[in-house]
Amino acid sequence: METIKERKKAQAIQNPIKISGAEAIIHCLLAEGVDLIYGYPGGAIMPIYDELYKFQDSLTHVLTRHEQGATHSAQGFARVTGKVGVAMATSGPGATNLVTGLADAQIDSTPMVCITGQVPRHLLGSDAFQETDIIGISTPVTKWNYQITKASEIPEIMAKAFYIAKSGRPGPVLVDITKNAQFDELDFTYAPCTAVRSYTPIPKPDLRSIETAANMINAAKKPYIIFGQGVILGEAENQLRALVEKAGIPAAWTILGLSALDTAHPLNVGMVGMHGNYGPNVLTNECDLLIAIGMRFDDRVTGNLDTYAKQAKVIHFEIDPAEIDKNVKVDVAVLGNAKETLELLLPMVKENKHEAWHNEFKKKYEVEFDAVIKKDLHPTKEGLTMGEVIAEINQASKNEAVIVTDVGQHQMVTCRYAKFKQSKSSITSGGLGTMGFALPAAIGAKMGAMDREVVAIIGDGGYQMTIQELGTIFQNKVPVKIVVLNNDHLGMVRQWQELFFESRYASTVMTNPDFVKIAEGYHITSKRVKERKDLKAAVTEMMASKDAYFLEVCVEKEDNVFPMIPSGASVSDIRLK
Amino acid sequence: MFDPRSVRFPLDVFKWKIMENKWFTISVYSENNVGLLNRISGIFLKRHINVESLNVSKSEIEHVSKFTIVVFTTEDWTRKIVAQIEKQIEVIKAFYHTDEETIYQESAIFKIESHLLFDERQIQNIIKESHAQIVTVSREFFVLAKTGRREEIDEMYQHLKPYGIMQFVRSGRITVTKSPMRISAILEEFQNN
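Residue numbers (the numbering used here), protein chains in the order written: chain A, 371 to 947; chain B, 12 to 204.
Do not take every clue at face value.
[To be verified] Distance windows between CB atoms, simulated:
| # | chain 1 | residue 1 | chain 2 | residue 2 | range |
| --- | --- | --- | --- | --- | --- |
| 1 | A | 386 | B | 43 | 25 to 31 Å |
| 2 | B | 30 | A | 386 | 54 to 60 Å |
| 3 | A | 491 | B | 158 | 37 to 43 Å |
[Unchecked claim] Just a sample of chain A residues kept apart from chain B, beta carbon distances all over 10 Å, derived:
| # | residue |
| --- | --- |
| 4 | 386 |
| 5 | 411 |
| 6 | 467 |
| 7 | 502 |
| 8 | 505 |
| 9 | 553 |
| 10 | 559 |
| 11 | 564 |
| 12 | 632 |
| 13 | 637 |
| 14 | 692 |
| 15 | 719 |
| 16 | 752 |
| 17 | 753 |
| 18 | 873 |
| 19 | 914 |
[To be verified] BS3-like mimics (lysine-lysine), calculated; alpha carbons at most 27 Å apart, straight line:
| # | chain 1 | residue 1 | chain 2 | residue 2 |
| --- | --- | --- | --- | --- |
| 20 | A | 887 | A | 897 |
| 21 | B | 69 | A | 699 |
| 22 | A | 709 | B | 91 |
| 23 | A | 696 | B | 122 |
| 24 | A | 733 | A | 745 |
| 25 | A | 574 | B | 91 |
| 26 | A | 709 | A | 733 |
| 27 | B | 98 | A | 709 |
| 28 | B | 172 | A | 699 |
| 29 | A | 745 | A | 927 |
| 30 | A | 699 | B | 33 |
No wet-lab data here; the hints were simulated from the structure. Here a beta-carbon is modelled for each residue, glycine too, at the ideal position from N, C-alpha and C.
From just these sequences and the hints, can you work out the full model?
This is the structure in structure tokens:
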């Protein structure tokens, strides 16, 4: 398949041309620099698909096997490139199948534009065939949505859709287009959107709050940074690293912040949250200054809010004013794009080392190593652990791969142990926890970064939620590497049942099919590994493959992921076993 | 020497105050948009907070709508809701105020059988005392309109109830603030553009 070219900047088209609404949609996409979309055709969107057929040289449409797959592929593409992902579907069930992807993109702030067909204007509200109120349905899970009923509205709305999706805190936008608006003609011109009067994408940084923040950082004895995806979305990776290094502040990440700072950086102390690292969680309640950068204090990060960082002053660098004081009351809020605000902060911050404080993280790491990590990465028992598989992948990929994860135990293990050198390299469903995310997201990620290895790591449960996307991989020859860590269980739920429901394994045992045969059915090279002695060779073979490759690793069936902060407990009460 | 404690948000002190349920009026200035009402009501729905009253009208600025929403909840929730409302693309600005900070009114209309106006002398006293207006009188019924605070309308309702009310309806609250709305400058800018 073709390598996706660098996306051009949105372009204006000034001389009016008389074209159909459907063709106008294609011109809008091209003007926005889109050359790749994911979707699934159907009755109400056929005029647009007819135009896609004519424009297939300049605009690649990837037929997924389900509309949900189209959204996750668009998300994977957006997350790896930083550009707007585009997904398309027909009305009714096509549109409702987008909802999970929209909700996922909304909670994880992923720029995405979804285009849905709709019944003709005169049939709206008549319960026509495949009519559904997708505007009403998608409202809570979109940053913005709009129903186009006249062809003449298309250029302005499409420009606005792309602008809103990618500006400020990014998010999904849905544009619903009635069939008559696709057929009707308009005098087409295009002007990219640069502002919406009622919308302030990036609040102006307030210098006084930045000065106050700098003073607090300079005065702190035990400062601690927790960074999130805001650093990646705001492309503030260099500024973050500069701050960490200059002020000598240990920095931990939320799951979506992973890869914003090299995992091998000496001041990168690991992950916070329910299955995060021991030190970063426990020491949250020992620091004297907590500096949150581009993160939103999700409950999986904070545990019990009443006992979260109560001893510390809190500074919150954030682009979205609605996040301030939402979960954790902060002492200073620094609104703005992290790149801009950190840039302003840097000269005011004094150099520091905080060695004794940093050593506390190292000591906690040793505790975690002895209790958890050693067993995960260098197991002495017979069964394979998920951790050792990730360690092999790290080694074979030289920490340079894009790793896409699904949801559950394998996701926590991967995010704990995967190593990254480059930003935008870890793609996972964080906020929504969407099982079935990884396989289609990996397709989008690979097509957005053809020069990089993309490895999807998936559990046996989530894999079967979107397994049909193997068809998309086969048809489009997407050279993505798929690793299923098979424990024949819905592992995370089983773990909770073991720990909190007295091992009553209600509906968490899975009788699985022969995954290798299924992949072979799609003509994807496949292998199954059951024993440790075969693991290294299999991973090496997979990483060396130029084509798509499926690797099933049968891991220990009833392993648990530790450390763990039980739901509702304090970050201090993280369990090592 | 800078003391970081000096900037500590004085929240703990006022925690009791912001956690107490009170009446708040939320004023939302927005573009006139079909789907926005749905978007705003969804913000309340998501948090399981009941809207006590809702009024949508034009505002002092052309093409700018004003939502007036009354809720009975804590200040903490109200502030978070207002932040979420303001985050919506078509919302220009949202504010919240306590009852003490606003001048507010509601309207109600009552439909009553006409013969009562002549058979029950007390009804005429109720009309006079409550400063209600007679909107129309027909052979079968007459209609009273009353504008005022909710307590005044409730009181009038209680007085009329024994005689039989054929129909009753009350509007959402409408308010203006005692202090100037900071929106004015932003809106003027819009108008000039």
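Hints and how they fare:
As the Cβ distance of residue 386 of chain A to residue 43 of chain B is approximately 28 Å, the hint placing it in 25 to 31 Å holds. Our hint of 54 to 60 Å for residue 30 of chain B and residue 386 of chain A holds, since their Cβ atoms are close to 59 Å apart. Residue 491 of chain A and residue 158 of chain B have their C-beta atoms about 41 Å apart, which keeps the hinted 37 to 43 Å range intact. Distance check on residue 386 of chain A: its Cβ is at least 25 Å (rounded) from any Cβ of chain B, clearing the 10 Å threshold; non-interface status holds.
Under the 10 Å C-beta cut-off, the non-interface status given to residue 411 of chain A relative to chain B holds; the minimum distance is some 26 Å. Every C-beta of chain B lies more than 10 Å from that of residue 467 of chain A, the closest at about 21 Å, which supports listing it as non-interface. The claim that residue 502 of chain A lies off the interface holds: its Cβ sits roughly 15 Å from the closest Cβ of chain B, which is beyond the 10 Å cut-off. In this structure residue 505 of chain A is not separated from chain B by more than 10 Å, as the shortest Cβ-Cβ distance comes to only about 6 Å.
Every beta carbon of chain B lies more than 10 Å from that of residue 553 of chain A, the smallest distance being close to 22 Å; the non-interface claim holds. The beta carbon of residue 559 of chain A is kept farther than 10 Å from every beta carbon of chain B, the shortest such distance being approximately 21 Å. The beta carbon of residue 564 of chain A is kept farther than 10 Å from every beta carbon of chain B, the shortest such distance being approximately 14 Å. Its beta-carbon lying about 30 Å from the closest one in chain B, residue 632 of chain A satisfies the requirement of being farther than 10 Å from that chain.
Once the 10 Å rule is applied to beta carbons, residue 637 of chain A is consistent with being away from chain B; the minimum gap is 22 Å. With a least beta-carbon separation of about 4 Å from chain B, residue 692 of chain A fails to lie farther than 10 Å from that chain, contradicting its non-interface assignment. Here residue 719 of chain A stays apart from chain B, with its beta-carbon at least about 13 Å from theirs, past the 10 Å limit. Once the 10 Å rule is applied to beta carbons, residue 752 of chain A is consistent with being away from chain B; the minimum gap is 48 Å.
Consistency note on residue 753 of chain A: stated as away from chain B, and its beta-carbon is indeed over 10 Å from all of that chain's, at 43 Å minimum. Against chain B, the non-interface label of residue 873 of chain A holds: every CB pair exceeds 10 Å, the least being about 34 Å. Every C-beta of chain B lies more than 10 Å from that of residue 914 of chain A, the closest at about 48 Å, which supports listing it as non-interface. Of the pairs offered as hints, the one joining residue 887 of chain A and residue 897 of chain A holds, with about 9 Å between alpha carbons and a cut-off of 27 Å not exceeded.
For a cut-off of 27 Å, the pair hint linking residue 69 of chain B to residue 699 of chain A is broken: about 36 Å separates their Cα positions. Pair hint residue 709 of chain A plus residue 91 of chain B holds up; C-alpha atoms about 26 Å apart against a cutoff of 27 Å. For the hint pairing residue 696 of chain A with residue 122 of chain B, the CA-to-CA distance comes to about 46 Å; that exceeds 27 Å, so the pair is violated. A hinted pair counts as satisfied when its Cα atoms are at most 27 Å apart, and residue 733 of chain A with residue 745 of chain A qualifies at roughly 18 Å.
Using a Cα cut-off of 27 Å, the hinted pair residue 574 of chain A and residue 91 of chain B holds, with the two alpha carbons roughly 20 Å apart. For the proposed pair residue 709 of chain A and residue 733 of chain A, the alpha carbon gap of about 32 Å is over 27 Å, so the pair is violated. With a C-alpha separation of about 21 Å, the suggested pair residue 98 of chain B and residue 709 of chain A falls inside the 27 Å cut-off, and the hint holds. A threshold of 27 Å between alpha carbons decides the hint, and for residue 172 of chain B with residue 699 of chain A the separation of about 49 Å lies outside it, so the pair is violated.
About 15 Å separates the Cα atoms of residue 745 of chain A and residue 927 of chain A, which keeps this hinted pair within 27 Å; it holds. Between residue 699 of chain A and residue 33 of chain B the CA atoms are separated by roughly 21 Å; this keeps the pair inside 27 Å, and the hint holds.
Violated hints for the displayed structure, listed by number in ascending order: 8, 14, 21, 23, 26, 28.
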